[in-house]
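Student: Kindly produce the complete structure, drawing on both the sequences and the hints.
Protein sequences, first through last, are from chains P, L and B.
First residue of the first sequence: 0, per numbering that gives the first Met the number 0; consecutive thereafter.
First residue of the second sequence: 0, per numbering that gives the first Met the number 0; consecutive thereafter.
First residue of the third sequence: 0, per numbering that gives the first Met the number 0; consecutive thereafter.
These aren't lab readings, by the way, just hints derived from the structure by calculation.
Some clues are possibly wrong.
To be verified - In silico DSSO-like pairs for lysine-lysine, Cα to Cα no more than 27 Å straight-line:
#, chain 1, residue 1, chain 2, residue 2
1, B, Lys53, L, Lys43
2, L, Lys81, L, Lys194
3, B, Lys53, L, Lys81
4, L, Lys240, B, Lys65
5, L, Lys240, L, Lys81
6, P, Lys86, L, Lys127
7, P, Lys86, L, Lys153
8, B, Lys399, L, Lys194
9, L, Lys194, L, Lys127
Said to hold, decoys possible - What follows is a list of derived Cβ distance ranges for each label pair:
#, chain 1, residue 1, chain 2, residue 2, range
10, P, Ala31, B, Arg136, 23 to 31 Å
11, L, Pro35, P, Gly67, 52 to 60 Å
12, P, Gly67, L, Pro244, 44 to 52 Å
13, B, Leu370, P, Phe44, 35 to 43 Å
14, L, Ala203, B, Arg288, 28 to 36 Å
15, B, Glu90, L, Pro244, 44 to 52 Å
16, P, Ala178, B, Asp51, 38 to 46 Å
Even for Gly, the Cβ is constructed at its ideal location relative to N, Cα and C.
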Amino acid sequence: MKSTIPWLIAAVAGSVVIAAYFIPAAQSWQDAIGQWFEVLAAVAFILGGANLCLQNLQKISARQAGWGYAAVTLVSFVVTLGVGLLKIGVPVEDPQHPWAGSYQAEGSAEWWLFEYAYNPLVATMFALLAFYVASAAFRAFRLKNAEATLLLLTAFVVLLGRTYAGTVLTAQVPDEYSAFSIPGLTTIIMGVFNTAGQRAIMIGIALGVAATSLKVLLGINRSYLGSGDG
Amino acid sequence: MGWLRRLDRRWIFLSMLLAVAIPQLTQARVPEKPTPLVMAVFDKIESLPDGSLVLISFDYGPSAQGELAPMATALMRHCCLKRHKLVLMTLWPDGKPLVERAINQVLVDEFADFGFKYGVDYVNLGYKPGKEVVIKTIANSFRTEFPTDDGDRKLDDLPLTADLTSLADMDLLVSISAGFPGLKEWVQYASSPLKIPLAVGATAVQAPQAYPYIPGQLLGILAAIKGAAEYEVALGEVYPKYSEPKMQDGVRRMAPQLWAHLLIIGLIVLGNIAAFSERFERPRP
Amino acid sequence: MTCRYALWILAGSFCLIWTTARAVAQPAGVGPAPPHDLVAADHPGDNGNAIDLKWTLSGDDHPDFKPRRIRAYRIDRTLIDEPLSDDAVLESFEVPYGVAQYTDRRCRPSAAYRYSAVAIAVDGSVSPPVATSGETRAIRQWFDSSRTSFAVILVIVCGLVIFYTERTKAGKSLHVREIAALTAMREAVGRATEMGRPCLFITGIEDMNEIATVAGVAILSHVAETAADYDAEIVVPTTRSLVMTAAQEAVAAAYLAADRSDAYNPNNIYYVTDEQFAFVAHITGYMVRERPAACFYAGIFYAESLILAETGNSVGAIQIAGTSEATQLPFFVAGCDYTLIGEELFAASAYLTREPQQLGSLKGQDAGKVLAAAVLVVGCLLKTAVVLRPDSAGPGEWLKFLMSTCLGGD
Numbered sequence: 000m001k002s003t004i005p006w007l008i009a010a011v012a013g014s015v016v017i018a019a020y021f022i023p024a025a026q027s028w029q030d031a032i033g034q035w036f037e038v039l040a041a042v043a044f045i046l047g048g049a050n051l052c053l054q055n056l057q058k059i060s061a062r063q064a065g066w067g068y069a070a071v072t073l074v075s076f077v078v079t080l081g082v083g084l085l086k087i088g089v090p091v092e093d094p095q096h097p098w099a100g101s102y103q104a105e106g107s108a109e110w111w112l113f114e115y116a117y118n119p120l121v122a123t124m125f126a127l128l129a130f131y132v133a134s135a136a137f138r139a140f141r142l143k144n145a146e147a148t149l150l151l152l153t154a155f156v157v158l159l160g161r162t163y164a165g166t167v168l169t170a171q172v173p174d175e176y177s178a179f180s181i182p183g184l185t186t187i188i189m190g191v192f193n194t195a196g197q198r199a200i201m202i203g204i205a206l207g208v209a210a211t212s213l214k215v216l217l218g219i220n221r222s223y224l225g226s227g228d229g
Numbered sequence: 000m001g002w003l004r005r006l007d008r009r010w011i012f013l014s015m016l017l018a019v020a021i022p023q024l025t026q027a028r029v030p031e032k033p034t035p036l037v038m039a040v041f042d043k044i045e046s047l048p049d050g051s052l053v054l055i056s057f058d059y060g061p062s063a064q065g066e067l068a069p070m071a072t073a074l075m076r077h078c079c080l081k082r083h084k085l086v087l088m089t090l091w092p093d094g095k096p097l098v099e100r101a102i103n104q105v106l107v108d109e110f111a112d113f114g115f116k117y118g119v120d121y122v123n124l125g126y127k128p129g130k131e132v133v134i135k136t137i138a139n140s141f142r143t144e145f146p147t148d149d150g151d152r153k154l155d156d157l158p159l160t161a162d163l164t165s166l167a168d169m170d171l172l173v174s175i176s177a178g179f180p181g182l183k184e185w186v187q188y189a190s191s192p193l194k195i196p197l198a199v200g201a202t203a204v205q206a207p208q209a210y211p212y213i214p215g216q217l218l219g220i221l222a223a224i225k226g227a228a229e230y231e232v233a234l235g236e237v238y239p240k241y242s243e244p245k246m247q248d249g250v251r252r253m254a255p256q257l258w259a260h261l262l263i264i265g266l267i268v269l270g271n272i273a274a275f276s277e278r279f280e281r282p283r284p
Numbered sequence: 000m001t002c003r004y005a006l007w008i009l010a011g012s013f014c015l016i017w018t019t020a021r022a023v024a025q026p027a028g029v030g031p032a033p034p035h036d037l038v039a040a041d042h043p044g045d046n047g048n049a050i051d052l053k054w055t056l057s058g059d060d061h062p063d064f065k066p067r068r069i070r071a072y073r074i075d076r077t078l079i080d081e082p083l084s085d086d087a088v089l090e091s092f093e094v095p096y097g098v099a100q101y102t103d104r105r106c107r108p109s110a111a112y113r114y115s116a117v118a119i120a121v122d123g124s125v126s127p128p129v130a131t132s133g134e135t136r137a138i139r140q141w142f143d144s145s146r147t148s149f150a151v152i153l154v155i156v157c158g159l160v161i162f163y164t165e166r167t168k169a170g171k172s173l174h175v176r177e178i179a180a181l182t183a184m185r186e187a188v189g190r191a192t193e194m195g196r197p198c199l200f201i202t203g204i205e206d207m208n209e210i211a212t213v214a215g216v217a218i219l220s221h222v223a224e225t226a227a228d229y230d231a232e233i234v235v236p237t238t239r240s241l242v243m244t245a246a247q248e249a250v251a252a253a254y255l256a257a258d259r260s261d262a263y264n265p266n267n268i269y270y271v272t273d274e275q276f277a278f279v280a281h282i283t284g285y286m287v288r289e290r291p292a293a294c295f296y297a298g299i300f301y302a303e304s305l306i307l308a309e310t311g312n313s314v315g316a317i318q319i320a321g322t323s324e325a326t327q328l329p330f331f332v333a334g335c336d337y338t339l340i341g342e343e344l345f346a347a348s349a350y351l352t353r354e355p356q357q358l359g360s361l362k363g364q365d366a367g368k369v370l371a372a373a374v375l376v377v378g379c380l381l382k383t384a385v386v387l388r389p390d391s392a393g394p395g396e397w398l399k400f401l402m403s404t405c406l407g408g409d
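Tutor: So this is what it looks like as structure tokens:
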């Protein structure tokens with residue numbers, strides 16, 4: 000029963016979404032299911048927030064290694080939530096409705112946190128990728144066999160072709176043979192070989208998604224519900 | 000060669016920092032030439048009748064801003080020059096302030112002379128949770144997801160959106176995407192079933208994923224900062240004011256990319272030299 | 000008498016010349032040439048709330064006219080069934096110059112409408128209207144016929160999966176090729192046990208509505224069962240609350256199946272944050288501090304894939320990854336010891352459980368792939384034939400049939 004009811008909900012919702020693709024009259028049902036999912040996902044956030052607080056409070060009270068990080072996490076969580084909910088610093092445009100302004104309005108505390116804390120932090124994390132790419136290039140790209148050599152040469156062509164270096168290096172190639180210049184080869188690699196490979200993987204993934212969805216709809220695979228029966 | 004095999008990762012990190020920082024600080028510039036995939040997007044926006052309805056979805060957060068903001072700005076400038084009506088939205092929660100920033104920078108400041116009016120020439124729908132479900136729903140009915148705009152004004156009360164029923168009313172869709180939900184979802188749930196032209200801007204990593212959809216389901220693609228640089232050059236060729244260096248953020252960022260790519264090639268070569276030297280130096284059994 | 004006729008002819012000629020000149024010269028305040036041939040028809044395959052309109056552009060609407068003469072077209076709609084209702088009030092909408100079609104999506108099912116269109120000049124003057132010949136109704140269709148081909152493909156693929164599942168359940172044995180990444184999972188958990196360090200499992204950064212996340216949780220349940228068997232610690236930080244609850248259920252069931260319920264620690268499966276890079280910061284921090292011996296990544300990953308794989312590599316963990324995001328596969332291949340490529344992620348559950356019905360679905364997938372490959376080969380051959388022999392109608396017709404009728408393309 001514990002896994003049957005969730006499976007039935009998944010099966011009915013999935014079937015309606017499939018039906019709505021073909022039956023115009025069922026499209027409003029699909030919209031309703033979509034809205035229900037949004038509501039549930041929003042409610043589930045409370046569950047996540049509670050779990051976050053619980054985990055970090057436990058770490059602090061037990062003085063576990065790194066409990067200071069847990070304290071920083073909790074303080075950041077409470078401050079961000081608090082200034083957003085209380086709309087601290089939100090400019091009042093209409094004195095009749097002092098709470099009507101947007102919580103992220105320019106000049107508000109939430110806006111300040113976004114601009115000067117969140118924004119640079121996530122940009123920094125994303126920028127770290129450049130360093131990890133460099134490190135992985137040095138460590139992992141090896142001429143082990145013929146396939147790896149081919150892959151490496153392709154990578155060189157695309158890396159050069161996506162910058163001005165490719166244009167400079169093959170500037171002497173006549174226009175009628177421009178397909179053999181580095182930018183020309185890059186276009187061919189991306190447009191032909193990459194597209195063919197991507198399509199093959201996409202077809203495989205699409206079939207995998209279809210088969211797994213069908214297993215979920217038919218209740219063949221319920222391991223994600225914790226039933227333990229596969 | 001032992002030193003090369005034992006090279007501390009921090010030296011690699013330092014060399015990458017220098018490869019990016021020096022061209023950035025010296026404001027070095029390299030020439031760019033628009034490629035057909037970028038020109039396909041440019042030509043579409045250029046050929047649409049003035050005042051056409053264009054939806055731009057900012058499907059990225061601050062993390063990908065460095066890569067995607069220049070193309071968002073260039074696309075918006077082009078739409079403004081053609082006086083297209085803009086409907087702006089985001090499917091990413093942290094994309095909302097980025098939409099507002101783009102509106103202030105382009106529509107309010109740069110194009111102040113054009114006198115664009117909110118609700119008549121552009122509308123900001125803001126962020127709506129639900130990811131790809133939002134696209135699926137607005138493909139059928141805009142009002143179900145967006146009864147109001149970002150400022151809680153009813154869409155029925157705004158001249159631009161009063162007659163807007165679904166995505167099918169749009170003349171062009173643009174998704175500037177850094178991941179999920181993004182270009183793939185716009186293809187699957189909007190452009191493909193509704194047969195509406197879609198142009199995308201994508202991060203370098205995501206760009207290869209877009210190629211299989213061209214040209215049937217996608218008009219063209221602005222791939223990463225190079226795509227933005229090419230678009231800026233194309234815009235500058237038709238509208239000379241936009242060939243000024245200060246209007247070409249994307250072009251400015253291509254010099255650091257050039258040196259970073261050359262460094263990566265160098266590192267791959269060095270890594271292989273280290274691996275080969277190990278093989279030769281190893282005592283044979 | 001002759002003089003009277005001559006005067007009439009003269010006056011008539013003058014009128015004709017004046018009218019023609021007026022039409023050509025377009026003096027200010029006089030309307031532009033109207034659009035013509037306005038046709039309205041029910042929009043196919045919808046819920047009965049749209050009508051397609053088409054017209055021929057006004058004679059003044061031509062790209063060669065500089066400056067442009069026409070600014071827009073205004074379409075007026077009248078409800079003729081119920082003249083007293085609110086909808087009977089004239090509704091108007093504008094479309095830009097150069098556009099010769101519009102779909103009115105604000106119709107009521109089965110209501111009768113009449114449309115008229117005018118061209119609006121740049122100076123604001125309006126042409127005489129042109130109207131549709133009769134009434135038009137938006138009809139509700141019960142099936143979107145434009146998607147018939149897709150429905151057929153869906154039935155074939157699902158039918159193949161069900162057919163092979165039933166066949167396997169009936170006792171037909173199936174061979175599944177070895178997938179190194181899945182075989183190595185047990186070995187990785189064993190290594191973590193020997194080293195006394197935890198196993199880290201990441202189910203991607205998306206929610207449970209993604210099938211790849213479902214596949215990731217299914218793999219988690221098997222890894223957790225092995226960990227319970229070996230008495231290894233398994234840690235599952237999640238980026239979505241729903242994934243956390245699903246993972247807790249799956250791991251608890253796995254420990255129960257291994258008869259080690261007492262060893263199950265729900266605190267090891269916890270929610271971190273929905274924010275991608277904050278999650279990455281937590282995971283990389285955890286890796287550096289706790290140095291897990293085995294890292295598993297199964298689900299949907301984006302930019303964080305390389306950061307996770309490189310950090311895992313730097314702490315010396317054995318790493319096994321699988322994702323349906325094709326763009327992230329190169330990073331996992333470069334950074335991890337084993338990688339499940341694309342569909343292998345979805346095959347993992349069947350491979351690990353060896354349950355007949357799950358193995359049958361794999362066979363069904365393979366049959367689908369054979370079908371897709373066959374269509375690709377036929378399409379390539381036909382396209383080649385069209386290019387080589389452009390005069391021959393046969394291959395072109397067959398290609399059109401394949402693209403439009405069978406695959407629902409344009």
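Student: Are the hints correct? Go through all of them and say.
Tutor: The hints, checked one at a time:
Proposed proximity of B:Lys53 and L:Lys43 is supported: the alpha carbons are some 22 Å apart, at most 27 Å. A C-alpha spacing of about 23 Å is found between L:Lys81 and L:Lys194, which places the hinted pair at or below 27 Å, so the restraint holds. For the suggested pair B:Lys53 and L:Lys81, the alpha carbons sit about 25 Å apart, so the restraint of at most 27 Å is met. With a C-alpha separation of about 23 Å, the suggested pairing of L:Lys240 with B:Lys65 holds against the 27 Å cut-off.
With a CA separation close to 14 Å, the supplied pair L:Lys240 and L:Lys81 stays within the 27 Å bound. Between P:Lys86 and L:Lys127 the alpha-carbon distance is near 20 Å, which keeps this suggested pair within the 27 Å criterion. The hinted pair formed by P:Lys86 and L:Lys153 meets the criterion: a straight-line CA distance of about 23 Å does not exceed 27 Å. For the hint pairing B:Lys399 with L:Lys194, the CA-to-CA distance comes to about 18 Å; that is within 27 Å, so the pair holds.
A hinted pair counts as satisfied when its Cα atoms are at most 27 Å apart, and L:Lys194 with L:Lys127 qualifies at roughly 23 Å. Roughly 27 Å separates the CB atoms of P:Ala31 and B:Arg136, a value that falls within the hinted 23 to 31 Å. Our hint of 52 to 60 Å for L:Pro35 and P:Gly67 holds, since their Cβ atoms are close to 55 Å apart. Checked against the given bound of 44 to 52 Å, the beta carbons of P:Gly67 and L:Pro244, roughly 47 Å apart, stay inside it.
The given range of 35 to 43 Å is respected by B:Leu370 and P:Phe44, whose C-beta atoms sit roughly 42 Å from each other. The hint said 28 to 36 Å for the Cβ distance between L:Ala203 and B:Arg288, and at roughly 31 Å that hint holds. Separated by about 49 Å at the C-beta atoms, B:Glu90 and L:Pro244 satisfy the suggested range of 44 to 52 Å. P:Ala178 and B:Asp51 have their C-beta atoms about 43 Å apart, which keeps the hinted 38 to 46 Å range intact.
This entry satisfies every hint, going by the numbered hints stated previously.
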